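For chain A, the structure is supplied; the task is to place chain B on it using the hints.
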Amino acid sequence: MPTLHTSKMVEKTKPGSEKKTKSRFTSNTPTQVINGYQVVPIQLPAPLSTIGRSRDSEDEDDFDQKPVVHYLYIRKHETPGDNSPSRTLFVANLPIDTTTLHIHVLFSTIADIAPSHIETVTFLPSPTGSSFQLIPSLSSLKGLQQNEISQIRRILPTCSAAHVVFADIKAMNKALGSLKFQQATPPSWCLSDSVEQEIEDAKAMTGSARYRAIHQRRYISSSALQVTIDNFMAAYNKAEIQREREAKRARSMPDEDGFVTVSRSAGRTGVGISSDALKQEAKKRQKKGELKDFYRFQIRDEKKTRMNELLKNFKLDQEKIRELKAKRKFKPFSNKLA
Amino acid sequence: MAKRKRSEFKSAATLTTGTRQLVNEENEELDREESRHPVEYSDGFDEDEDDGEQSDVSKQESDTGNGLSAADGKKSSKTSKMKVKVSQLADDLHNLQEAVQLYKSNIFKMEIDELLTELKIDEDKTKPVDRILHKLKESIEKIEDSSELLLSDAEKLISKSGISIPFPDPRPPKDAQYRFKYESPSDYNLVGCYLLKTMIKSPERFGVDVVLDMPKSIFHEKDTLNYRYFHKRAFYLAYIAAYLKSQKELPFELSYELLNGDHLRPVLRLDSLKDGGEFDFHRAKCYIRIIPSIDQDVFTLTKVLPSRNCVRYMQNPAESLNPTPYYNSSILNDTYLFPSTVFLHKAAKSCDGFKDAIKLGEIWLRQRGFDSSVDGGGFGSWEWGILMATLLQGGGTRGSRILSKGFSNYQLFKATLNYLASNDFTETPVSIAKEPLAFDMGVFGGGPVLVNNDINFNVLYRMSVSSYRRLRHEASLTVTELDDVKGDHFDSVFLDKVDSLIYQYDFAALIKIPLSRDDKVYREIGRVFNPSYYAYFASKVYRILHRGLGERASLISIKFSETSKWPLTAARPSSLGDGTFTLGLILDPEHSERLIVHGPSAEKTAQAEEFRKFWGKKSELRRFKDGSIIESVLWEQHSERSIVSQIIDYLLERHFGEATAKSMTIVGDGLAQMFAGDKELGEGSAFTNFQKNLDEFEFLRKLLIDINDLPLRVSSVMPASQALRYASIRSPAEFSITAVHDFSDVVIELETSSKWPDDLKAVQHSKAAFLIGIAESIKNIDAAILTQIGLDRDLATIANFSYLDILLPSGYAFRVRIQTEREAIMLRNYKPDQDLGRRAHRNFERNFSLAARHTTEFHTMCHRFPFLSPTVRRVKKWFHSHYLSPHIDDVLIELVTLSMFLKPFPWTAPASATTGFLRTLYFLAHWDWRAEPLILDVDNTLTIGDIQSIRDTFKSLRINDPECAQTAMFVAVNYEQSGTMWTSPNPSKVIASRITALARASCGVLKTGNAIVSNDKSAAGRIFVSHLIDFDFIIHLKTMNGQAGHELSYPPRMESLCDYVGLYCDELQTIFDGNVLLFRNVLKNDLIAGVWDPRILTARNWKVYLGYSAQPCSTEAANADNKNVLVKANIFAMVREMERLGGDLVSKVEVLK
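Chains A and B, in that order, give the protein sequences. The opening position of the first sequence corresponds to residue 1 in our numbering, with each subsequent residue numbered one higher. The opening position of the second sequence corresponds to residue 1 in our numbering, with each subsequent residue numbered one higher.
Note that these hints are calculated values from the structure, not bench results. Values in this document were obtained by computation on a predicted structure and should not be read as measured data. Some hints could be false.
Below, in silico cross-link-like pairs of lysine-lysine (BS3-like), each with a Cα-Cα straight-line distance of 25 Å or less [unchecked claim]:
| no. | chain 1 | residue 1 | chain 2 | residue 2 |
| --- | --- | --- | --- | --- |
| 1 | B | K903 | A | K320 |
| 2 | B | K497 | A | K320 |
| 3 | A | K325 | B | K125 |
| 4 | A | K325 | B | K486 |
Here are a few chain A residues that sit away from chain B, every Cβ distance over 12 Å (derived from the structure) [claimed, not checked]:
| no. | residue |
| --- | --- |
| 5 | T79 |
| 6 | T122 |
| 7 | R245 |
Looking from chain A toward chain B, a few residues come up when the C-beta cut is under 8 Å (computed) [as the list claims (entries may be wrong)]:
| no. | residue |
| --- | --- |
| 8 | T158 |
| 9 | T206 |
| 10 | Y211 |
| 11 | M233 |
| 12 | Y236 |
| 13 | K320 |
| 14 | P332 |
By construction, the Cβ of each residue, glycine as well, lies at the ideal position given by its N, Cα and C atoms.
Isolated chain A, as found in the complex (with noise of 0.2 Å):
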C-alpha cells in the first residue's frame, strides 16, 4: 500500500532535524490571524493532468501551470469546562483529500514535529456535509476475500476540520510558535518529499483507479454478501427473540404498586393490511353515524358557507385577472417570439 510505505519514509528521513528550534523556511514576518485563527497558506500540488504535458504550451492562461494556494485555519483546541492545558489544535478548511499522513508531513515541514509526537488526529464530521454512500463501507460487508478488499482513500466534504491531539503540550506549543511566522513559500500539500512517489499516489488514489475501485465495491461474490446478510440475520434473530422475551417478561411482572399490566400480545398487523386502510374503514364507520342536512341550522350552515366560498372565489378571480393585466398578458398581438 503506497500510504503506508510513504508514511514509514517520512519518519525514517526526519529524525535529526527535530532538534532544529525553527524551519529553514520559516520567515520573520508573522502570519494573519483572523478571529483567533492563524491562516496557514499552503501549496496545492500539481495536477496530473500537467504532467507529461509540454512546457511549451504554457501560455498564461493555463490554469494547470499555476500554483494555487490552499488555506488553513489553525488554533489551539479548548473544550469549554475544561481546565487541564489542552494540547490539542484544531485545524479548519482542510483540503479534500486530507489524510492523517498529510497532517504528519505538515507539521514536520513547518515545525520540524515528527510524526511519533502527534498521538492522533480525529476528523469531524461536518455539521451541514451529507452523508456520502457512493461506497459500500467495508465494515458492513463481511467475509469479502482479500482480493476483494481494496484502498479506496476517504475523501472530506470542502471546508472540514480536525483535531490533531500531539503527545505532549511542549509539541504543540511548537507547532503553534513556528505557525505563527510565515514561510518563505507556502508548504506543499503531499505526502512524502519525493515527486515520483506524489505521482503514484495519485495515480492509485484518484482517478479512474478511484472509481474503478469503487465500481468493483458494489459487485461483491454472492457468497461474501451471503455471509454478510447471514450475520445480520442472525444478529436480528437474536435481539428479536430477546425483545420479546423482555416483553413476555414485562407483561408479566408486576410494577412497583404490585399492579400487572395488560397489553396486547405483540402481534403484527397483517401484511397487506396497511393502518391507513384500517384509518379509512373507521372513518367510514363514524360517518354512518352522523345524518347531514337534517336540521335547519346544518342548512341554514351550509348555505352560509357555500356563500362566503362563492364570495372568496369572486374576489379571487378578480384578483388573478388584475394580476394578470399587470404581466401586460392581454395584449394578443404582441407576440412573445418577435
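Chain B only, in chain A's frame:
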C-alpha cells in the same frame, strides 16, 4: 324595402361625426329595452355557456347568465351588483348551485371583458379622422365632371397628372368603343368597421372605408360584360386620384390598393403624412380607403348571378358560356357594400353582444391568420359579422334561429364557431333566403356559399376550398376545446398566435410560384375564374395534393401573400407577391407513412386510366394478398425523406414541372436531416429495437415467474426503465452493453407473506438474500444466463441496497430490484428518523412503484401517439447537449413532451418528430412555471375536483415558498398528483430559468435568418451547442476505456461498465454540496462544467464551518489579530482540488471567471 332603410340610415351616416353618437344612443336605449324583455331562445341550440350538460334548470340559469352579461357594459357598478345578486341568491339553494357554475366561468368572462377593453381604440386619437372625412367629402363634391372619353383620351387625360389608371388584367382592348366618364358620385357613405366601431387595436392599421356611388348615367346596360364595368370603375378611381393629388391642401400619401386582394377592384388609399399638420391622423392607426361602388339599380342583378357568364373569352360560343362566378360576385360585392353595412348595423342594434362578438371573432380569426382578403383566406371580421347577423335571422332546421338576440358576446362567439364547425357550407349553403338559391352551388367549384335576404350574393366568394377547410378545422378545434370544462383555454383561444409555419404543421414547406406569363392556361381561361395568379396556382396545387395525399393529410393549407398596395404613378405591377407560397400539412399519423397508394381495380378501365394519368410512371399494377389486382403506387421508406415529402416532391414535378419541385424547401429539414444522421437516435429501425428489448423482457418475466424453488414465488415483474417505454435516446441494441444505462431496470414483487421482518434493515437484507436465491435458481434453469449481484449503497441503510444484473444470452441486459408491499408504509412511518424516512420513502416511490407505473403508462402513450417516442428522444438529446443531465429527471422530459400530445390545442397532436420537438421547445420557452402548473391527464379521468386540488397544492406550494427555492417546475399527472416527484429538488430554480433561456435562444436561432427553412444541418445544429462561456470553470475529460463503444464484448467486462465520470461528478457534487452546480452531458462525457453559487463569492466574516474553502480577502498580515479581515471563496483551490481528485480522468481545466 332596403331602399327605404337606406335613406333613413343615410341621414345619420352622411354626417359621420354625429352618426356615432346617434348610433350609441340608440344602442343604449335598446339595452334597456332588451333587459326588460324575456330572452328568446332558439330550439336546438345549447345556450348553456361553458359546460355542455344541459340541466333541467338551464332556462333559469341562462336568465341569470344573461343578466350578468347585460351588466358587462357597466363596469363601474359591477362589483356592487354582484354582491346584490349573491345576497338574493342566498335565499335559494337552487339558484346558488347555478351561480357556482356561473362563477366558474366568471373568470373567463372577466378575461374577455379585460381583453375587449384592451382592444378598444382610443376615441381621442380617431377624432381628426372625422374632420378629414368631412373635408374629403366636400372636396370630392367639388370635382368637375369629365366629358365622355375614348380609351386613348382617357389615358391621356389621367397621365397628365402623372398617374396611371389601375386597369385590371386584361386591360381594355386598344379599339374599345365604350366611353369613360366621370360624374359626381350619387352618394357618399361611410361603411365598414369604422362606422360600426368594431375595429380593434392591433399593430396593423385598420381601414376607414368611404364608399362613393358611381352614378348610373356613366354605365351602359352591357357593361357587366367583358370587364367593361371594371375598366370604367378604374378610370373613375384614377380621376378622383388625379384630383386629390392636385389638391395641395389635402396632404396625404396616396396609393392604389386592391380591395381585399380582389384583383378586379382597386381602391384609392390615403395614408397620413407624419407632418403634424391639420390632416395628420397617423396616431389614429388607420388609413382611409375610397371605394367606388354602384347602386343596386345600375345593372339587372339577375344578369350577374353567379351562374351566368359575363366574360366571353373563347372563340367557341358554346364553351364560352361557362359561368363566371368570381367575376360576377365582384360586381355584386360592389353593389352590396353599403347594404351590408346597414345589415350589420341593424343586427348590432338588435343584439347587445353583437359588436363585441365581432371583435372576439376578429381576434380569433387573426390569430389563425385569417382576414377578408384573398391571401388571408377570404374570411375576416366582415364575413364573420355577416355570418352572425345571418344566424340571428335563421340558419337552423326549418328556418329556426341559431343565435338569439339575448346572447352575450361570448355566447354569440361560441355558437357561431359551433355553427362553422358543424356545418359544411360547401355542401349546404348558409342561406336564409325565402326562395331557394338562384344558382347552383357547384359554380363555386366546391367553395363555400353564404347568402341571405339582404345580401343576395355569395359573401364567401373569395374563399378557396383550402382556406375554407382550414377555417372549419380551426373552428372545430376551438369548439372542442371550449366544450372541455376542465381546461383553462382563454389564452389559446384568443391570445396565442396560432398561425405559424414552424409550429402549426407536421409538414411545412416553401415553394416557388412560377411566373404568371408562362402559364398559358391561366392567361386564356384561368384568370377569369381566379384573377390572382397566386390564388389560381394555389388552388391547383391544392387539388393535386388533396388527391395525391388522400387520407394521409387531414388538412392541407396553402398560403401566399400579396402586398396589395402600389403607388399611383406606377402601372399595376404584374406580381404583387414574393413569388412563393407556403404549404402546411396536418398529417394523420395512422396513415401518413403508409407505403402504398391503392388505386382502382384494373378492370375499371376509365378510372384506372385516370389514375395512371395522375401518377404517371409511378403507377403500376399489383396483385395483393387478397387476390385483387389493382393500380397502385409504391413508396420506399427512407431515413431522411418521409413518404409524404416524397409524394409531394413527385407530384409537384409531375404536374408543375421540375423547377417547381426543386424550389421546395422544407421547414425543419436541416433539423430532420441532422436527427437522421445522428447515430444515437438511429432512425428507421429504432422502434423495432425497442420491440426486441421488450420481447426479451417478456422472456425474463416468464423466467422469473416460473422460479419455484424459493420460499416465495415472484408474483409480478414490472418494467421500470426508459428503454422499456420507448424513451431512451439510444435504442437498446443486442450485445452492446457498454454502460450502466444499457441495463433495463425491472421491479419485481414477491408473493405476500407474513414472515417479512418488522425492521427495515432486515427487510433490505432479506431482499438481497432473495436476489441471491433468484440468481441461483436462474443458474440452475439455464447456465447461459449470467447474473451478478450488485450494491447500490451502503448496507447499513433503511433503503434498498441490492440489485441483480441479468444478462440474457440474446444480448440484452436487465437490472432487477425487489419491492415489498409493506416497505412504503414502513418507510413513511420510520420512527427513528422521520426526515430520513420521508426522503427514503420518496426515493422508493420514484425508483420503484412510480417508475413502474410511469413506464407502463408512457408505453401505452407511445402506442397511442406514434410520434411521441421519436419526439421525446430528440428532446432528451437537446437537454443532454446543454449539459443538463445531472439536473433533470428523464421522466420530467417525458411528461413535458407528452403534454404536447395530450394538450396540443390550439394545434393538433404532432404527427412528425421534428414538429413535436419544435413544439416542446416552444412550450419550454413560454412556460411560466412560476405561475403555471403543468397538469397532464393521460386517460381523461381527472375530474374538475382533482384538477382543482392539484392547483390548490400548487398554490399552497408557492405561498409557502414564493421564491421557488424548493420546487421550480410543477408537473402533475394522474398517477402522481403531488406534482413534485420528478421536479423537486431538481431542476432547481436556477436550472429551470436556464432551461427557459436555452429554449428561447433555440427558438430564436431557428427563426432568425430562416435557419428553420433551410436544409442546412449546421444551422439547425446550433441549437444543440451550449456556449461554454456561460460557465465558471470547465473540467475537460479524457475518453476512458469502456466508454462510447470501446471494445464490445459480451458479456461485458465489469470494468468496462464503470461509469467513471458519473461517479466522479456525483462525488464532486457531494463534496462541494451547495457551492457549485455541475453540468455534464451523459451522452458524451467530454467535460464537467461548473457554476459557483454567487453567494460564496462575496466577502464575509470567517467562521469555522463556512461550507466552502475560503481565503482571506486581504493579505496584509501584520496586525496581530485583525478581526475585520473578511474571507471569500477560494475558487482556484477548490477547482484544483476537484482536478486532483479527478486524477487521470482530467485532461485540462479552464477557469473562465
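Now the hints, each set against the structure:
{"no.": "1", "hint": "K903/B to K320/A", "result": "holds (23 Å)"}
{"no.": "2", "hint": "K497/B to K320/A", "result": "holds (23 Å)"}
{"no.": "3", "hint": "K325/A to K125/B", "result": "holds (23 Å)"}
{"no.": "4", "hint": "K325/A to K486/B", "result": "holds (23 Å)"}
{"no.": "5", "hint": "T79", "result": "holds (15 Å)"}
{"no.": "6", "hint": "T122", "result": "holds (15 Å)"}
{"no.": "7", "hint": "R245", "result": "holds (16 Å)"}
{"no.": "8", "hint": "T158", "result": "holds (5 Å)"}
{"no.": "9", "hint": "T206", "result": "holds (3 Å)"}
{"no.": "10", "hint": "Y211", "result": "holds (4 Å)"}
{"no.": "11", "hint": "M233", "result": "holds (6 Å)"}
{"no.": "12", "hint": "Y236", "result": "holds (5 Å)"}
{"no.": "13", "hint": "K320", "result": "holds (7 Å)"}
{"no.": "14", "hint": "P332", "result": "holds (5 Å)"}
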